[in-house]
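In case you want the letters, here they are:
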Amino acid sequence: MAEFEFETEGVKKTFTFMNRKAPYGTIYALEVLETVLISAAFEQHANIIFVDDGVYQIKAGQDTTAINMKNFSPTYGIIEMEKEDADEDDDIDMVWRIIVEKESLDARGLTEDDFKVSVEVLSAAEIADIVDASDCVISG
Amino acid sequence: MPAYTVNGTDYEHDEEGYILDVNNWNEDLAKVIAQEEGLNMTEEHWLVVNFLREYYNEYQIAPAVRVLVKAVKKKFGEEKGSNKYLYELFPYGPAKQACKVAGLPKPTGCV
Amino acid sequence: MKFGILVNEGPFTHQASDTAYQFAKAALEKGHDVPRVFFYYDGVNNANKYSAPQADDRNLVKLWGALAAEKNVDLVVCVAAGMRRGIQNESLAPGFRISGLGQLVEAGMGCDRLMMFGD
Amino acid sequence: MLHTVNKSPFERNSLDTCLRLAKKGSAILLIEDGVIAAVKGTVQSAKIEGAVGNHAVYVLGPDLKARAFSEDQVISGVKVVDYAGFVDLAEEHGTHNAWL
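Residue numbers (the working numbering), protein chains in the order written: chain A, 1 to 140; chain B, 1001 to 1111; chain C, 2001 to 2119; chain D, 3001 to 3100.
Hints are supplied without guarantee of correctness; some may be wrong.
[What the hints assert, rightly or not] Straight-line distance between alpha carbons at most 20 Å, and here's what the computed DMTMM-like set of lysine to aspartate or glutamate pairs gives: (1) C/K2002 / D/D3088; (2) B/K1073 / A/E88; (3) B/K1074 / A/E5; (4) A/K70 / B/E1054; (5) C/K2030 / D/E3091; (6) A/K21 / D/E3011; (7) B/K1073 / A/E84; (8) B/K1074 / A/E80.
[What the hints assert, rightly or not] Pair ranges (Cβ atoms, derived): (9) D/G3053 / A/D106: 38 to 44 Å; (10) A/V11 / B/K1080: 40 to 46 Å; (11) B/K1073 / A/K59: 46 to 52 Å.
It should be emphasised that the hints constitute simulated quantities derived from the structure, not laboratory data.
Quick caveat, the model's predicted, so the values are computed rather than measured.
Ideal Cβ positions, reconstructed from N, Cα and C, are used throughout, including at glycine.
All chains, full assembly: derive it from the sequences and hints.
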């Protein structure tokens, strides 16, 4: 076993989290969310992006009682809170963006009023620029 | 399965003392768990425990230690918003020990 | 160059772990470093020492372990994902260790590239 | 940026989304079942035929061979690479973005 120690002091990178799957059918949405929360603890920059069926992850009104699974949609509220904190607190120098792709929204007949967190709605071309400028992409 | 007994009712817990059903929590149970942990629950302990309950009820997850520290600072002032202060209250770690008393699931120790 | 690798699927249902392994091997052969491979989601099943494929099939659990032994690769299994799937210290194959998701973020912070393999 | 796509365009929309969100000039490598998109003469071929003008498109040879495709069935303009070539692409093109 080779434990490796990374030199991460003062490192500030931009992580992009690309959410493309609907919640509950698979575990991907939940496990990406866990990674987002950890990256906040490391005070990294983050783009949390919802495209394709990923937009359904933050849809308001999820009720999982009858499928007996945990409703993890309230947890997205933490992302919103982290973003607000990052915006207010200059010391931590952390930029967080919560982004939904316009094309995916339109294709599904949704508007930003359908979401339980406040989001930036951007076009595919605008998102392409943001993703291209990031250091690590984690998708699910 | 081992259990805490409070006012004649049994509350099952895992090997490490975390209760199995988050919804069963009540203050009397918290006092018993705290006692097992060797904690003397002061008003300051309750502030943290109640904060954890509220946070969990809203977000369905226990906060990361950094979030807890920040939130305590925001709510109760600068001198309480530190790792050191929280460790004084909960010597075995604010995440693990305070979550146990608050009846939350065991933190997975991700950070 | 330092490559961090993220493996999100187990060794049999999807090809992801095979591709990740071939990538890691090729990178090491070219003289690059692969300081850490992080196993997340069903990827934690790559660390299961009870996995017993038939004799004429590749054994990824062993292949990862051999890579770790020969090339000093740090194989980290996510504790939260592992707990859900019953992977704990007692079930770990040689070469693997269990730790937190923070180790993935650190690999992203400390490597030149974070390569992701999943389904 | 290096994009990888590992799903057949017959099965999922991963390639469509990749093409919509990949910046002009970035590299796209088709791996695993994704190699099916690189094959000439299917109803999906137009996607990659259209992409080669805007992106550097590659396909992983070992995955083609495993699925009984020969290199001359690959759409023109798409380059075939092996795992070592995959590593080179990752080194040259920066951040990896896996479309699953």
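Consistency of the hints with the structure:
1. C/K2002 / D/D3088: holds (13 Å)
2. B/K1073 / A/E88: holds (15 Å)
3. B/K1074 / A/E5: violated (33 Å)
4. A/K70 / B/E1054: Within the cut-off at roughly 18 Å; holds.
5. C/K2030 / D/E3091: holds (11 Å)
6. A/K21 / D/E3011: Roughly 15 Å separates the two Cα atoms, so the pair holds.
7. B/K1073 / A/E84: holds (16 Å)
8. B/K1074 / A/E80: holds (17 Å)
9. D/G3053 / A/D106: 38 to 44 Å: Violated - the Cβ-Cβ distance for D/G3053 and A/D106, about 26 Å, lies outside 38 to 44 Å.
10. A/V11 / B/K1080: 40 to 46 Å: violated (30 Å)
11. B/K1073 / A/K59: 46 to 52 Å: Given about 33 Å between the Cβ atoms, the range is violated.
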